[in-house]
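Chains as they are written, first to last, in my numbering: chain A, 174 to 348; chain B, 33 to 695.
Read the hints as simulated data drawn from the structure, not as lab findings. Glycine included, every Cβ here is placed at the ideal spot set by N, Cα and C. A portion of the hints provided could be inaccurate.
[What the hints assert, rightly or not] Far from chain A by the CB rule (all over 10 Å, computed), these chain B residues:
| # | residue |
| --- | --- |
| 1 | Ile183 |
| 2 | Ser316 |
| 3 | Gly343 |
| 4 | Gly355 |
| 5 | Pro366 |
| 6 | Val427 |
| 7 | Ser496 |
| 8 | Val612 |
| 9 | Gly631 |
| 10 | Glu632 |
| 11 | Arg670 |
[What the hints assert, rightly or not] With a Cα cut of at most 30 Å, we get these calculated DSSO-like pairs of lysine-lysine:
| # | chain 1 | residue 1 | chain 2 | residue 2 |
| --- | --- | --- | --- | --- |
| 12 | A | Lys272 | A | Lys196 |
| 13 | A | Lys324 | B | Lys550 |
| 14 | B | Lys550 | A | Lys249 |
| 15 | B | Lys550 | A | Lys196 |
| 16 | A | Lys324 | A | Lys196 |
| 17 | A | Lys336 | B | Lys341 |
| 18 | A | Lys196 | A | Lys224 |
| 19 | B | Lys550 | B | Lys458 |
| 20 | A | Lys196 | A | Lys232 |
| 21 | A | Lys224 | A | Lys234 |
| 22 | A | Lys232 | A | Lys343 |
| 23 | A | Lys272 | B | Lys446 |
| 24 | B | Lys299 | B | Lys96 |
| 25 | A | Lys196 | A | Lys260 |
| 26 | A | Lys260 | A | Lys249 |
| 27 | A | Lys337 | B | Lys341 |
| 28 | A | Lys336 | A | Lys224 |
| 29 | A | Lys317 | A | Lys234 |
[As the list claims (entries may be wrong)] Chain B residues, not near chain A, derived (Cβ > 10 Å throughout):
| # | residue |
| --- | --- |
| 30 | Glu36 |
| 31 | Gly77 |
| 32 | Ala141 |
| 33 | Ile312 |
| 34 | Ala365 |
| 35 | Phe406 |
| 36 | Trp478 |
| 37 | Tyr600 |
| 38 | Gln611 |
| 39 | Thr614 |
| 40 | Asp635 |
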Amino acid sequence: MNRFLLPLSIFIVVVVFLGIGLKLNPREIPSPLVGKAAPDFSQPQLFEPAKVFSPADMKGKVWLLNFWASWCSGCKTEHPVLMDLAKSGEVPIYGMDYKDQRDEAMTWLSRWGNPYPVVGVDDAGRVGINYGVYGVPETYVIDKQGVIQYKQIGPLDPETVEKKIIPLVKQLEAQ
Amino acid sequence: MIPEIGHFALILALCVAVVQGILPIYGAAVGNSALMAVAKPAARGQFLLVLTAFGCLAYAFAEKDFSVLYVAATSNSQLPLHYRLAAIWGAHEGSLLLWTLILTIWMFAVTLFSAHLPESTRSRILGVMGLVSIGFLLFMLTVSNPFERLIPAAAEGRDLNPLLQDPGMVIHPPMLYMGYVGFSVAFAFAIAALLGGNLDAAWARWSRPWTTVAWCFLTVGIAMGSGWAYYELGWGGWWFWDPVENASFMPWLAGTALVHSLAVTDKRGGFKVWTVLLAIMAFSLSLLGTFLVRSGVLTSVHAFATDPKRGMFILAFLAIVIGGSLALYAWRAPRVGLGGSFAAMSREGMLLANNVLLVAAMGSVLLGTLYPLFLDALDLGKISVGPPYFDSVFVPLMAPAVFLMGVGPLAQWKKASLPDLAKRLKWAFGVSVITAIVLPFVMGTWTPLLSLGLLLAIWIATTSVVTLRERLTHVAGNSLGERLASVPRSYWGMLVAHCGIAVFIVGVTMVKGFETEKDVRMNVGETATIGDYLFRFDGAQDVVGPNYTAARGSFSVSRDGRETTVLYPEKRRYTAQNQVMTEAAIDPGLLRDLYVSLGEPLDDGAWSVRLYHKPFVDWIWGGCFIMALGGVLAISDRRYRIAWRRQEPAVPAATRAARRKVA
Chain A
174 MNRFLLPLSI FIVVVVFLGI GLKLNPREIP SPLVGKAAPD FSQPQLFEPA KVFSPADMKG
234 KVWLLNFWAS WCSGCKTEHP VLMDLAKSGE VPIYGMDYKD QRDEAMTWLS RWGNPYPVVG
294 VDDAGRVGIN YGVYGVPETY VIDKQGVIQY KQIGPLDPET VEKKIIPLVK QLEAQ
Chain B
33 MIPEIGHFAL ILALCVAVVQ GILPIYGAAV GNSALMAVAK PAARGQFLLV LTAFGCLAYA
93 FAEKDFSVLY VAATSNSQLP LHYRLAAIWG AHEGSLLLWT LILTIWMFAV TLFSAHLPES
153 TRSRILGVMG LVSIGFLLFM LTVSNPFERL IPAAAEGRDL NPLLQDPGMV IHPPMLYMGY
213 VGFSVAFAFA IAALLGGNLD AAWARWSRPW TTVAWCFLTV GIAMGSGWAY YELGWGGWWF
273 WDPVENASFM PWLAGTALVH SLAVTDKRGG FKVWTVLLAI MAFSLSLLGT FLVRSGVLTS
333 VHAFATDPKR GMFILAFLAI VIGGSLALYA WRAPRVGLGG SFAAMSREGM LLANNVLLVA
393 AMGSVLLGTL YPLFLDALDL GKISVGPPYF DSVFVPLMAP AVFLMGVGPL AQWKKASLPD
453 LAKRLKWAFG VSVITAIVLP FVMGTWTPLL SLGLLLAIWI ATTSVVTLRE RLTHVAGNSL
513 GERLASVPRS YWGMLVAHCG IAVFIVGVTM VKGFETEKDV RMNVGETATI GDYLFRFDGA
573 QDVVGPNYTA ARGSFSVSRD GRETTVLYPE KRRYTAQNQV MTEAAIDPGL LRDLYVSLGE
633 PLDDGAWSVR LYHKPFVDWI WGGCFIMALG GVLAISDRRY RIAWRRQEPA VPAATRAARR
693 KVA
């Protein structure tokens, strides 16, 4: 082969891949859990450690499970969005305090506001492992049968809530 | 009205670019000097038109015209003026305009400093740059118009990303773009030479200063971006192998190889084909970098909003420009012929080895950057390639390149003798090895990487001394001062740039080897120690900035009981987007940086705090600036000054001779 054609050939290969790459979304991380039953857990509650919080309590309801932590700055960014969503009453948001200090988590919620009816404590990160949490914040939409229908990696923003979460919740509630 | 003028100026600029891209190249092909003469006024006209457009956008930002979509999306009425102006390149559309403006600035510079070029060469160069410019102007006018109106106007702008509200961001992108786009000149020279079929030493001599200037800008631009990441992102890192950083680093590697290969073509007439390919590569990688940043094919902290139409446009543009040039290369390069022959052990041989290593390093960065995309496209899963890959590939490639850097300047052209080189370098080698082994023990820890880094840095320093000493014995002059003065500036430039690498390596090695960090919870009055320094937290206060509110912590730093400094890190909340930013406080020093960043507020006025002690970290950027300084010295060399001066008087030789007689 003509060695002067080599650079061109390499370039053509790269262009083909770049072309295919344009059609893909690098931010979309597939979750094997979507469409599967939400992993069960039974964790102490943040404000009342004597009580436990478990997905079994939520059967028959559509709900969001939000992994957060007081040390996580993305959670602070997301926080006003969660407060608005909680106020709108569209869907209950349950919190899972991920690898956090209990007192710091409670201070954080009392300072910035608490969008969650109940917060579970996952101080060892076990629940996070079962749910395949990449990093907080992450949010799961779980339907009446306890099946995960959607997973948001990273902070929720108003647009995602409005265009994805709320329509999905409405559709699931109608089922 | 003003934005429409800007829009219209862009449309006119496109028309001019089309004329500039077609007529002069055609004129050069058929030998029509009237058509060739179009190039110069067209390039200058295009520069003025794009400058007008840029001015109009700047005016819209200064006047807070939120009826312009781009202005509303990237600025805010509370944003101070200098950041409103920097917001011009704060997002996609405006940075394209900046790109195009800089391209036309380079064109304008070519029209100014090209009087000594043959008419056909100059018109081809400007023609090629015009063709590149068509692509960018079309891109703006079709899918990313910075002057698009927002009707009805927004009451308030969305604000500039707080990360970008920083003095470093005001200068970093223009510097980087000057470098990226500067390679378009070397590229245009190469394409012009391929079109004209005369790849001679003169071609390399003309290309050299342009390439060096672009390389200097790129070096400084990358260093500033890295410095910005260091103090603005608040985690104390200075290089993350992020796809967008890689996108700027790849043209730098190719450009560095080009600078060296041009030296061979200029001095010895060798490497012609290779030099042309590198010139095409350096600019192609700049374009590829633009594509990677703009199209969103890769995830990165820098990525702008994704729009598939834009991605498609740039990809098509890339395919035409790069594919076209490489096809031209495949067609014309075989006829160029080879330069003079040389032995493997010679300065040419070593420069070639250095080029191969630099290009291999560039290739491995390219592979690491695109690998996740390749796998994803082949449906083999999602992965990310991180620093471990790059570190493990990069060090083994760069270590021999740096070793050669010490030997190369001492080797003769054409054929050098290995025993002779070994004799001349034995002291440098001995000193480097012994110091590199012993010094880490003196400093307290010995690791192989620490020793290797020091070895390379000291090797460059000692061989530079040897090189300079030998050079001084060969130049004219009696006193040392006279001899130093008669060493050409370009030679000093090389030595200084190489020493910049040494300084850079010292910085990287020392930071990697000796940095310490601590995450602590600090209450008011509590202390923490890092390095030899004692930090006392004196509490945090609320402060109000122009467009943010912040908690400002106060830390008294002392060493052996003596107060060193007081640091004020901030946690800012930017009101427009309700975003929280960490503003680290740094006490810089020649031998160490002290770095404090505030984490999250805890109860009772306590904060989580992150403290760093970073020895020699400023040497990293210092080294880059020294490299760029070397480049500046090289282009201020006498022969270029003469070249510039010679072209100025457009006076017939006879008149000049007559004048000389009178004088």
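Hint check:
1. Ile183: 22 Å, holds
2. Ser316: At roughly 8 Å from the nearest Cβ of chain A, B/Ser316 sits no farther out than 10 Å, so the non-interface label is violated.
3. Gly343: 4 Å, violated
4. Gly355: Per Cβ check, B/Gly355 is inside 10 Å of chain A; nearest 6 Å; violated.
5. Pro366: For B/Pro366, whose nearest Cβ neighbour in chain A is about 5 Å away, the distance does not exceed 10 Å, so it is violated.
6. Val427: 25 Å, holds
7. Ser496: Holds, since 34 Å exceeds 10 Å.
8. Val612: 6 Å, violated
9. Gly631: At about 7 Å from chain A, B/Gly631 fails to clear the 10 Å cut-off, so the statement is violated.
10. Glu632: 6 Å, violated
11. Arg670: B/Arg670 clear of chain A: closest Cβ-Cβ about 36 Å, beyond 10 Å.
12. A/Lys272 - A/Lys196: 36 Å, violated
13. A/Lys324 - B/Lys550: 34 Å, violated
14. B/Lys550 - A/Lys249: Roughly 23 Å separates the two Cα atoms, so the pair holds.
15. B/Lys550 - A/Lys196: 43 Å, violated
16. A/Lys324 - A/Lys196: 21 Å, holds
17. A/Lys336 - B/Lys341: Measuring from Cα to Cα gives roughly 22 Å; hence the hint holds.
18. A/Lys196 - A/Lys224: Given that 30 Å is the threshold and the Cα spacing comes to 48 Å, the pair is violated.
19. B/Lys550 - B/Lys458: 44 Å, violated
20. A/Lys196 - A/Lys232: Violated: A/Lys196 and A/Lys232 sit about 38 Å apart, past 30 Å.
21. A/Lys224 - A/Lys234: 20 Å, holds
22. A/Lys232 - A/Lys343: 17 Å, holds
23. A/Lys272 - B/Lys446: 65 Å, violated
24. B/Lys299 - B/Lys96: Violated, at roughly 54 Å.
25. A/Lys196 - A/Lys260: Measuring from Cα to Cα gives roughly 37 Å; hence the hint is violated.
26. A/Lys260 - A/Lys249: Between A/Lys260 and A/Lys249 the Cα gap is close to 17 Å, so the pair holds against 30 Å.
27. A/Lys337 - B/Lys341: Holds, at about 23 Å.
28. A/Lys336 - A/Lys224: 35 Å, violated
29. A/Lys317 - A/Lys234: Distance ~5 Å between A/Lys317 and A/Lys234 Cα, so the pair holds.
30. Glu36: 31 Å, holds
31. Gly77: 33 Å, holds
32. Ala141: 28 Å, holds
33. Ile312: 8 Å, violated
34. Ala365: Check fails; 5 Å does not lie beyond 10 Å.
35. Phe406: 6 Å, violated
36. Trp478: 36 Å, holds
37. Tyr600: 20 Å, holds
38. Gln611: B/Gln611 is in fact no farther than 10 Å from some Cβ atom of chain A, at 7 Å.
39. Thr614: 8 Å, violated
40. Asp635: 5 Å, violated
In this structure, the earlier hints numbered 2, 3, 4, 5, 8, 9, 10, 12, 13, 15, 18, 19, 20, 23, 24, 25, 28, 33, 34, 35, 38, 39, 40 are contradicted, and the remaining ones agree with it.
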